[in-house]
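Top to bottom, those sequences are chains A and B.
Heads up: the first sequence is residues 1 to 834, going by the UniProt record's numbering.
Heads up: the second sequence is residues 1 to 834, going by the UniProt record's numbering.
Careful, some of the hints might be misleading.
[Claimed, not checked] Taking beta-carbon pairs under 8 Å as the criterion, some of the chain A residues facing chain B (in silico):
no., residue
1, H221
2, V225
3, E348
4, Y352
5, K667
6, V720
7, P783
8, L794
9, L800
10, R806
11, L808
Don't read these hints as lab results, they were simulated from the structure.
Beta carbons are placed, not taken as given, at the ideal position from N, Cα and C, and that holds for glycine.
Read off the chains here:
2 protein chains.
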Amino acid sequence: MVTHTRNWCSAFNPSKCTHTAVRSEHTVNTHPEQWAAISSTRGATGGSGHFKFLLVSHESVLCFVPVGGCKADWRPSNSPKLIDLMDYPVPGIGTYEDFNTIDWVREKSKDRDRHREITNKSKHSTVALLFSISDAFSGWLLMLLIGLMSGALAGGIDIAAHWMTDLKEGVCLNGFWFNHEHCCWASNETTFQERDKCPQWKTWAELMVGVSEGSVNVLNHFMYVSWALLFAFLAVILVRAFAPYACGSGIPEIKTILSGFIIRGYLGKWTLIIKTITLVLAVSSGLSLGKEGPLVHVACCCANILCHFFTKYRRNEAKRREVLSAASAVGVSVAFGAPIGGVLFSLEEVSYYFPLKTLWRSFFAALVAAFTLRSINPFGNSRLVLFYVEFHTPWHLLELIPFVLLGIFGGLWGAFFIHANIAWCRLRKNTRLGHYPVIEVLVVTLLTALLAFPIEYTRMSSSELISELFNDCGLLDSSKLCDYSGNSGGTSGSVNATAANGLGARLAGPGLYTAMWQLALALVFKMLITVATFGIKVPSGLFIPSIAVGAIAGRLLGVGMEQLAVHNHDRKIFRGWCSPGADCITPGLYAMVGAAACLGGVTRMTVSLVVIMFELTGGLEYIVPLMAATMTSKWVADALSRESIYEAHIRLNGYPFLEAKEEFPHKTLATDVMRPRQSDPPLSVLTQSGMSVEEVERLIADTTYSGFPVVISQQSQRLVGFVLRRDLVISLENARRHQEGVVSVSAVLFTECGPPASPSAPPAVKLHNILDLSPFTVTVHTPMEIVVDIFRKLGLRQCLVIQNGRLLGIITKKDILKHMAQMANRDPESILFN
Amino acid sequence: MVTHTRNWCSAFNPSKCTHTAVRSEHTVNTHPEQWAAISSTRGATGGSGHFKFLLVSHESVLCFVPVGGCKADWRPSNSPKLIDLMDYPVPGIGTYEDFNTIDWVREKSKDRDRHREITNKSKHSTVALLFSISDAFSGWLLMLLIGLMSGALAGGIDIAAHWMTDLKEGVCLNGFWFNHEHCCWASNETTFQERDKCPQWKTWAELMVGVSEGSVNVLNHFMYVSWALLFAFLAVILVRAFAPYACGSGIPEIKTILSGFIIRGYLGKWTLIIKTITLVLAVSSGLSLGKEGPLVHVACCCANILCHFFTKYRRNEAKRREVLSAASAVGVSVAFGAPIGGVLFSLEEVSYYFPLKTLWRSFFAALVAAFTLRSINPFGNSRLVLFYVEFHTPWHLLELIPFVLLGIFGGLWGAFFIHANIAWCRLRKNTRLGHYPVIEVLVVTLLTALLAFPIEYTRMSSSELISELFNDCGLLDSSKLCDYSGNSGGTSGSVNATAANGLGARLAGPGLYTAMWQLALALVFKMLITVATFGIKVPSGLFIPSIAVGAIAGRLLGVGMEQLAVHNHDRKIFRGWCSPGADCITPGLYAMVGAAACLGGVTRMTVSLVVIMFELTGGLEYIVPLMAATMTSKWVADALSRESIYEAHIRLNGYPFLEAKEEFPHKTLATDVMRPRQSDPPLSVLTQSGMSVEEVERLIADTTYSGFPVVISQQSQRLVGFVLRRDLVISLENARRHQEGVVSVSAVLFTECGPPASPSAPPAVKLHNILDLSPFTVTVHTPMEIVVDIFRKLGLRQCLVIQNGRLLGIITKKDILKHMAQMANRDPESILFN
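Given these sequences and hints, build the entire structure.
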C-alpha cells in the first residue's frame, strides 16, 4: 500500500527516474501483484512484503526506485546540494541566523537547481515557458525598479537638503518652500550677475523688525546655530529611536554583507526611511559630512526591499548579494552622476562576488538611476553630474610636479585621517563617551556651526564650496577667488580689460588674498572637524569632506603656482610654458586633482576614482594629472598603513571580512591554523550511525560550533560529510515533534541504510538529507595562502582538514581571520562574528 | 661529518629553523661532541652515530632539524608548493611543455614565495631593500614600456596602412611617401572644401601618357586590383614563411593563453614583426578586415617580449598572464582611443584571472598607450579616437523603436555571421581547400578588389567609410550622403538656404538616393565577403567589418526614418517630436547604434562595447540608445546561439578553454565525469614506497597521463599526494645520471623515511620534494557544477576524486570539457589539448 501522497519533487521527469533528485525514503508495503506491476515497469527486482524504496513523486505520478545506496556501484544522486530547499518540508532548513556567514556554494547550487527546474518545466507547458521567460527577465525588471527608486530618492534628498541648508540662513517671501536660488529665479528683477541677491529672500535678521545694524550678524549666526542644532538633534533622535543601523556611511557594513555576512534589518524598510530623512537633516545641519556614502546605503536598502517582490532574489542570499552589488553602483551613480564610475566603484571597492552578468546589469541600473535623477533635475541645470567642470587650458608636463605633491598631501591626509578617526572611534567605543551619542552629536554640531559661520567658505555647504573651488575663473565670475587685478573684486566692472591684458591680468587682487587665508583656515578646520564627525550617530559620508579638503589644498597650491608663474613669467622655465596673453595655470584643475588625491588617500580607490573624475570633466585630457595624483596618493597612504577607512572600520567592528585584495604574506600551513590545536580536546564529530538522539542533542548543547563533521566511526575518523548545527537542531526538533516513536534512545542515522536494528528498537531518525556529502577539504600540508584563496574565491564558511583520508581538524573563516590578526600582531579576539 | 655544502635554501632565517622550507634530507655522521654542539644550539635531542637530519642551508649557515616526519605530531613544512623552484637544482622542474595547461595555484605560490623571499631579505641589507623596491615598481615600469611600445607600433601601422591604401589609387608628385591627404595638405592651393583634390596627387592613369579618356577608369581599376593582389600575396607569403601564428585576429588564442594554456611562439618576436608588417599589407590590400583585433595580438606580443627583461614575469606563467591581460586592454585602447573601454574589454571579453591590481595597471598602460598614439598623431587631427563624432540633436523616446530594430538586425547578423564563418572554416579545415592558403587569399583579394572598386563606398577603406557614415551632415559637407535638396549635391553652393529652410531642407536630393542604393549594395557585399575573409591566412580582425555592416544598415534606416519624418511632418506622431526648423533625426547616430548592435552580435561584448562607444561620442546623452541596441542584439544573438565568434573559433580549434560565463546546466556528479569509468582499467597510481625505478619507468612508458596520484598502498588507496609526469621523468633521469648507485631495482620513495631497507640494497631515489602534498580533492558526491566552479576560479589542471578517504578517480580540465561537449551533443573528441 502506497501511503505517501505529498508532492515534494517538483522537477520530476518520469522517463528518467534515476536522474531525479530523490526526496524521501520510505518503507512501502506492497502486495505481490502490486510489486510485480511496479518492478515490471521500473526494472526493479524483488518479492513482496516490506521493501525499502526511494519514493519519488511529481504531481500525481509516483515512481519507485529500489534503494541501492548500500551497493558499491550505486551512484548517489541525493546530495543535499541538489535538493531544492525552497519546497523543503521542514521549515528553516537552508536559512541562516543573524550575524552569521552564508555558504556561497550552497546558495549558488540552490539557485542553479531552481533555474534548472524552471527550464525543465518550461519544456512541457506554455504557462511554464512564459513563467520561465518572465523569470529570466525579472532580474532586468528589478534593476529598472532599483534605478528608478534610487534615482527618485536621491533627487528628493538633493532638493530637500538644498532647501533646508538655505533655511538656516533665511526664508523666501514668495513661499517658504523655495530655496535661495529658486526664490531668486522666481523673482523677475534678478540678473545673471546677482542671482543670489534678490528682495524676496530675507535672512532671519532682516525679517525681524527693530534689529539694530550691529546685531544683524549676531542674530543670523544665532539662527544658523539654532537651526543646525535642531536638525542634528532631530537626526540623532530619529536614528536612535527607529533605526540604529541608519547611522554612519554604511559602506563598511555593505562590504561585509556583500562578502556573505548577515545583518538582519541593516537593509530594511525602517533603515531606508529613517536614513533618507536623517540624511537630509544631517547634511542640512552643516556638519562636515556628505551624502554620497549614505546614498549607497539607501540604494542598497531599495534593492533589498525590492528583492522581496521577486522569489528568485528573496529566497537566495547569493542572488540577493548580486543585486546589492548592482545597487552600490547605483548609489555612486546618483551621488556623482557617474554611471561608469559607479560600476567600477562597486567592482573595485565594495563587491565580493561580481560576475560579468552583474557588471552589465549594474551598468543598466546605474544608467537608469542617473537618468531618473536628471529628469528630476535637482540642481536645476539639467546636468547629470554633481560638479560640472570645463577647463579650457591644457596642462604642461612640468605641472606634474605640483600634481605629485598634491598626491603626497592626499596620501598623508588619508593616512592621518584613518589613524585619527579610528583612534577617536576606539575612544568612543571603550570609554563613557559612547554612552552619550546625542550629546556628542549636539556638541559636534555646535562646534561646527559656531566656527563655520564666520568664514564664508565654511558657512556654505561643502558641495557649493567644492563647486566654487573646481570652477575655472571666467570673465564674468564675481567671486573673491576670481578677484584678479584688473577684475575689480566682486563686481564685473572692467572685465574686458582682463582679456586684453592676458597674463598680466592674472595678478592676484586683494579679494584673492583674503580668500587664500580664509581657505587656509577652512582647510585646518575641515581637517580637524571631519575626524570627529565621521562616526557620530547620524548618517555621514566622507566623500564630500575628503573632496573638500583636497579641493582647498589644491586650489591654494594652484593659486600659488599661478602667482609664481605670473611673477616669474620672464624666467626661462615659464617662458616656454606660458605663452603671453593666455592663462597657463588653471587653479580649478589643481583643486580637482587635490580632491582626487585626498579621496584616494582615504578610500584607496584607484580606477573608479579616476573614472568618476573623468566623467565629471568629460575629457581624457585631464586623466593623466588625476592618475598621477591618485597613484602617488595611494602609494604614500599604503606605505603608511595598508587599510582604507572602510576596512579599518570593518576591523574596528570585528566583522568577519576576508579582504580580497590583501595578500596573505605568511608561510603557515593548514595544520597550524586548524582547530583543534594540540592542546585542545579532540574535534567534536558525529558518526554516520551509532549515535542516539540524546547523544547528538548533548553534543549540540555542549558545544557552540556552527556545524559538525560526520565520520564513519570514531576509530577510523574517515570523513563522510558535514552537517550544519542549525539544520541538525531543526531536524531533530521536527523529528521529536512530528515523527512517531522518536525517543531519546532512537538512533540517528546519516546513512541511507543503517546497521540492522532489533525489531524492538524505536524508529531511527534519518538525517542523511541534511548531510552535505561534498564538504570542502584540504590536506594538512596545504599552505594557508592557498586555503585563504579557496575561501575567498569560493566563499566558504568552513573547510575540513584531512591527512591520508583521516579527518584531523576544521578551519573556519573566523579561524583564518584570527590567524591573520595574530600574524599582524593584532588582537585575534577582535573578530567578533563567525 | 657534514658532507653537504650546496646552497639550496635562499630564504633561510636561522632564528626560525622550523619555519624554513626544508630542502633535503641527509644522513649525517656526527661525532658525539659535534652532536652535542648541534643539539645545544638547535634544541635537538639524541646521541652520536648515524642520524637522520633535515639539512637546511642558507649561504654559509647550516641548520639541522631532527627528522620528525615519521612521528604523528610532526608538522610537515616541506610541501613542494613552498619550494622556490627558481633555484631548484634539477633544471626543468616546474616548467611546462608546449600545448599544456599551467597550474595557476602552483604558479601563484611560486610568486608568493619569491615575493616573501625578497621581502625577508630586504630587512637585512640596504641593497636588498633597494632591490625589493625596484622589484615592486618593475610592474609599473613594464606597463609603461608596453604602453609606449604598443602606442608607437599602432601609430606606425596607422600611418603605413594609410599611405599604402592610397598607393593603390595613385601617387604624390611631391614625394611618394605622402599619402593622399598629406599630399594635398602640402599643396598650397588646397582649400578647405576640396582637400582631396589637388594637382600634386595623380592617379596611376593620369601618370601614364597617352591613355585615352575612356580607358582611365579601366586602368585605375587594373592598378587598384594589382596593388591589392601584390599586398595580399606579400602578406600571405610572409605569414607562411616566417610566422604561421601571425594570421587571424589572435583574440581566440589570446583568450586561451590567458586561461592558462601554453602556445610557445604565439607571442614571440617573429610573430610580432611579421604580424605588424603583414597587418599593414592586409589592411592596405582592401580586404574586408580590420586592424583592431590584431592590434590586441600585437600589444600582447610586445608585453610578452618585454616580460623577458623582468625576472618576476619571465619565470612565472601566472604573473605573465596578468601582464598579458593588461596588454589586451592596451590593444583596444590604441585601436579605438578608448582606454576605459579597453580595460573593460580585457575584463569582460579576454581575461581569465583579473585581480584588481591588474585593473589599475591595465588602466595605466592603456592611458600611456593612448597618449603615445596621440602624440604620434597618425590621423593628423590630434584626436585620440578613431571615429570622432559629435551630434547636436537629442534623440526622442520614440526613436527607441528603430534602435531596437537595429539591435535585432545586429543580433541576427551576429548569429548568421558566426554560423556561416564557422561552417566555412570547418570546410577549409576538412577539405582540400585548406591546402592552398595562398591561392585562397589571392582569390578572395581579387574578388574583393574587383567588386569593391566600382562602388565608392566599398572602394574607400572601411575606416573612412565608417567615419563618413557616423558623420552628422553639417552645413559644409559635400558628400553624397549629405545631399539634401537645397544642398546642391557635391559642391557647397547655396548652403545657407539649408539652415533657413530647416526641416524642409532635409528632403533627400538625387545624390542621397544614389548613395542609398550604393550603400545597400555595399551592405550585401560586405556581409558576404566578410564571412569568407575572416579566417584566411593573413592577419584579420573583424571589429571594423562588423562595425561597417552595422553602420551601413544604421545609416540606411536613419535616412529612411528621416525621410519618413520629413514627408509626414504634419502627422501627429512627428509633430510633437520634430519641432519645425530643426533637424529631428540624426542618421549618423543610427549608424553608430547599428555599428554597436552588429559588433555586439558578433562579439557578445556588452559593457565594454557601450563604454568604447561612449568614449567615441564623449557624452552620456547617447548611451541609452546604444545600450538598448546592444542589449537587444545580445539577447537575439544569444537566443540563436550562445557562443561569440571567439568562443566558436576556440571550439573549432579544440583549445582547452573553460568559459567563465557559461553556466553548467547539468545535474551530473563528480563520479559521472571522473576517470576511470566503470569499464576502464583501474586508475594508474604510484605508491609512496615499495615501487622500484623500473616499475615507475614502466608506468610512465605505458601511460600518457600528465600526472599520477600517490597513495599509501595499492590496498588502502589512501591519498598521499600528486606528482606530475614531467617532474617525475626529469627527476628519474637526473637520478640515473647524477646519483651514484641508482639502478633499475632501486626503490623510489615519496616519503621522507621509507621502510627499513637491507644494507645491500641500492640507494633509494627520494622524490618527496616533487610530490604535491596538497592536491585538490572533491568527493564523488560533489555536483559537477561545483567542480567546474572550482576549476574556473582556482585555475586547476586536475582534481582527485575521493570517497571516505579512498582515492577513486581523477578529473582533468579535458575531462570536464569533454563532458560538457557530450552534454551539448557535440563531439567530445573535438577537445584536442590538455
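For the hint on E348/A, just tell me whether its beta-carbon gets within less than 8 Å of chain B. holds, 6 Å
Next item in the hint list is V225/A. Is there a CB on chain B closer than 8 Å to its CB? violated, 41 Å
Interface hint status, H221/A versus chain B (Cβ within 8 Å): violated, 42 Å
Given L800/A as an interface hint, is the shortest Cβ-Cβ distance to chain B below 8 Å? violated, 11 Å
Would the hint on L794/A be counted as holding, given a Cβ-Cβ threshold of 8 Å to chain B? At about 6 Å, which falls below the 8 Å cut-off, the nearest Cβ of chain B leaves the hint on L794/A intact, so it holds.
Taking 8 Å as the limit, does the beta-carbon of Y352/A come near enough to a beta-carbon in chain B? Given a least distance of 12 Å, the restraint on Y352/A is violated.
Please check whether R806/A passes as an interface residue: C-beta within 8 Å of a C-beta belonging to chain B. holds, 7 Å
Against chain B, is L808/A within 8 Å by beta-carbon distance? violated, 10 Å
Any CB of chain B closer than 8 Å to the CB of V720/A? holds, 6 Å
Interface hint compliance - K667/A to chain B, C-beta minimum distance less than 8 Å: Since the shortest Cβ distance to chain B is 6 Å, the answer is holds.
Satisfaction of the P783/A interface hint, Cβ to chain B closer than 8 Å: holds, 5 Å
Going through the hint list in order, the structure does not satisfy hints 1, 2, 4, 9, 11.
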